[in-house]
Amino acid sequence: MPELPEVETVRRGLQSLIVGKIPTKAMVFDSPKSFPNALTDVEQFLYGATVKSVRRRAKVLLIDLSSDYSLVIHLKMTGQLVFVGDQRFAAGHPNDSMVGVLPDRSTRVELTFTDGTHLYFNDQRKFGWVKLFPTIEVPNIDFMKKVGPEPLLDDFTPEILYERLQRRKKSIIKAAILDQTVLAGVGNIYADESLWGARIHPETRVGDLSRDEITKLHHEIRAVMNLSIEKGGSTNKNYVNAEGKKGSYMEFANVFRREGQACNRCGAVITKIRAAGRGTHVCLYCQTSPMREQPVLP
DNA sequence: CACTTGACCTGTCCGC
DNA sequence: TGCGGACAGGTCAAGT
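The opening position of the first sequence corresponds to residue 977 in my numbering, with each subsequent residue numbered one higher.
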């Protein structure tokens, strides 16, 4: 999915586009799984309620309504939330939208506002979902109870990352930082990018990392995510923001999807391996550890 | 508990 | 051109 920077980019877009609007109709296409609430609840708590604010926790979006209910949305791998203010502009002009006229084949939910504008939830792979919850119950959702700290908040310190990692001492570090209960928001792209930045091989056991390495990794996770938010996120394939536009972080990526290309730091060829069950990009020559001997370029 | 693997889906790309 | 398999930004349930 969209990882933390992409979800945050969508959040910022929606905050400026839909606050104050009033949903009047929700159309669910194809799979009820995409929006499983009973129609009676949707009618009672969504229709006629005003959008108060758009929040994010981890990779989850929360659209708070004046009915004291919230739309809780997870985009998973291929989800998109695209606002269309004027259908004539959806297919490329004048706002450069990358999506065509909506709804399309991947549209799962169409939300109509009283002013005639629309919010589309598109999701090619149907892993994502939209659910209506009482706002006060959101922190009690299983995922919310288990999810780790927000990495971009000031109170997320290197010491906290070190402590959170203690529960996964025998895992490889990539699996540990992908674990949303350790910390929130890291996915496959930013796991690879931050490990490259910290010069840590993704298959290093957590228990073998020094304090200094974890401190460096903490810094890189934040630096990489902040840069990505600044660039509007990563468009690897499907991701677009709330206006249907792509993000440009991939132009700045150092390893992700750069297999076969030269490492920006040492010039060796970037390799793709499988780690933590995911495609993993690594420079085998400079991602070892500052604590260990540096391999020599072939 | 900690840790790994498969399942959930559709679409695309790559090798035969 | 067609077909099978691997793979794709994330979580969860089930297995060891």
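The set of hints was computed from the structure by calculation and includes no laboratory data.
Just to be clear, a hint being listed does not mean it is correct.
Heads up, simulated DSBU-like pairs for lysine-lysine below, C-alpha to C-alpha not over 30 Å straight-line [to be verified]:
1) K1107 <-> K1192
2) K1221 <-> K1028
3) K1146 <-> K1221
4) K1207 <-> K1145
5) K1146 <-> K1028
6) K1001 <-> K1052
7) K1221 <-> K1207
8) K1009 <-> K1028
9) K1122 <-> K1102
10) K997 <-> K1248
11) K1102 <-> K1121
12) K1146 <-> K1001
13) K1192 <-> K1122
14) K997 <-> K1009
15) K1001 <-> K1102
16) K1248 <-> K1146
17) K1248 <-> K1028
18) K1107 <-> K1248
19) K1028 <-> K1122
20) K1146 <-> K1102
21) K997 <-> K1192
Predicted model only: the values in this text are computed from it and were never measured.
(request) Kindly indicate which numbered hints from before are broken by the structure, ordering the numbers from low to high. (result) Numbers 1, 3, 4, 5, 10, 12, 17, 18, 20, 21, in rising order.
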